[in-house]
Structure formats: structure tokens, C-alpha cells
Amino acid sequence: MFLFTRILQGLSGGIVIVVAMAVATRLVEKERRGSAIGIILMGLSSSLVFGVPLGTFLSGIMGWKALFVFIGLVTIIPLLV
Numbered sequence: 001m002f003l004f005t006r007i008l009q010g011l012s013g014g015i016v017i018v019v020a021m022a023v024a025t026r027l028v029e030k031e032r033r034g035s036a037i038g039i040i041l042m043g044l045s046s047s048l049v050f051g052v053p054l055g056t057f058l059s060g061i062m063g064w065k066a067l068f069v070f071i072g073l074v075t076i077i078p079l080l081v
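Per this note's numbering, the sequence shown starts with residue 1, numbered consecutively.
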């Protein structure tokens, strides 16, 4: 189960980043394109910074196995969309 959820995380993370960049370059006008890409990358960086402390806190409450099941379920959403 652990390995399966890690594979899902990698697949959905890669897909979300690529799709977000493609959408930003196609839908946003040329003058604001850099700003749109910056906002996307800011969100990605923020998730990496805040994810570790939040994951540590939640794993202390729920246990690390429950946390990985939850993350696995959440990562299925981008794969389906």
C-alpha cells in the first residue's frame, strides 16, 4: 500500500505541474504570463515548505499509515481530472 501511494503521488504531482504550466502559458495573456507561472511555482514551493511540518503533526495524531492512505486518496483526484 505504501509503495502504491508513493507511485500515485509521483504520477499526479508530475501531471499537475505540467498541466498547470501548459494552462498558464495558453490562457494567460503574454504580459502576465511570467506572473502566472510565478504564482504556480510559489504554490509548489509553499507546499514543500509547509507539507513537512503539517505531515509530521498529522502523523503524530493519526499515525503515519493513516496519513499515507489519506494522501493516496487525495492524489487520485488529479489523476482522474
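Note that these hints are calculated values from the structure, not bench results.
Quick caveat, the model's predicted, so the values are computed rather than measured.
A hint or two may mislead.
Ranges between beta-carbon positions, derived for each pair [what the hints assert, rightly or not]:
| # | residue 1 | residue 2 | range |
| --- | --- | --- | --- |
| 1 | Lys-30 | Thr-56 | 21 to 29 Å |
| 2 | Leu-54 | Lys-30 | 35 to 43 Å |
| 3 | Arg-32 | Trp-64 | 20 to 28 Å |
| 4 | Lys-65 | Gly-38 | 17 to 25 Å |
| 5 | Leu-80 | Gly-43 | 18 to 26 Å |
| 6 | Ile-77 | Phe-2 | 39 to 47 Å |
| 7 | Ile-61 | Glu-29 | 21 to 29 Å |
| 8 | Gly-60 | Val-28 | 38 to 46 Å |
Here a beta-carbon is modelled for each residue, glycine too, at the ideal position from N, C-alpha and C.
Whether the CB-CB distance between Lys-30 and Thr-56 falls inside 21 to 29 Å: Given a distance of about 42 Å, which is not inside 21 to 29 Å, the answer is violated.
C-beta pair Leu-54, Lys-30: status relative to the range 35 to 43 Å that was hinted: Since Leu-54 and Lys-30 have Cβ atoms about 36 Å apart, the given range 35 to 43 Å holds.
Outcome of range test on Cβ distance (Lys-65, Gly-38; 17 to 25 Å): About 37 Å separates the Cβ atoms of Lys-65 and Gly-38, which means 17 to 25 Å is violated.
CB-CB spacing for Val-28 and Gly-60 relative to the 38 to 46 Å hint: 40 Å, holds
Verdict for Ile-61, Glu-29 (Cβ pair) under range 21 to 29 Å: 45 Å, violated
Supplied distance hint 39 to 47 Å, evaluated on CB atoms of Ile-77 and Phe-2: Once the Cβ atoms are compared, 19 Å apart, the range 39 to 47 Å for Phe-2 and Ile-77 is violated.
Arg-32 versus Trp-64 beta-carbon gap, inside 20 to 28 Å or not: Hint violated: Cβ distance 41 Å, outside 20 to 28 Å.
Consistency of beta-carbon spacing, Gly-43 to Leu-80, with hint 18 to 26 Å: Since Leu-80 and Gly-43 have Cβ atoms about 20 Å apart, the given range 18 to 26 Å holds.
In summary, the structure is inconsistent with hints 1, 3, 4, 6, 7 from the numbered list given earlier, while agreeing with the others.
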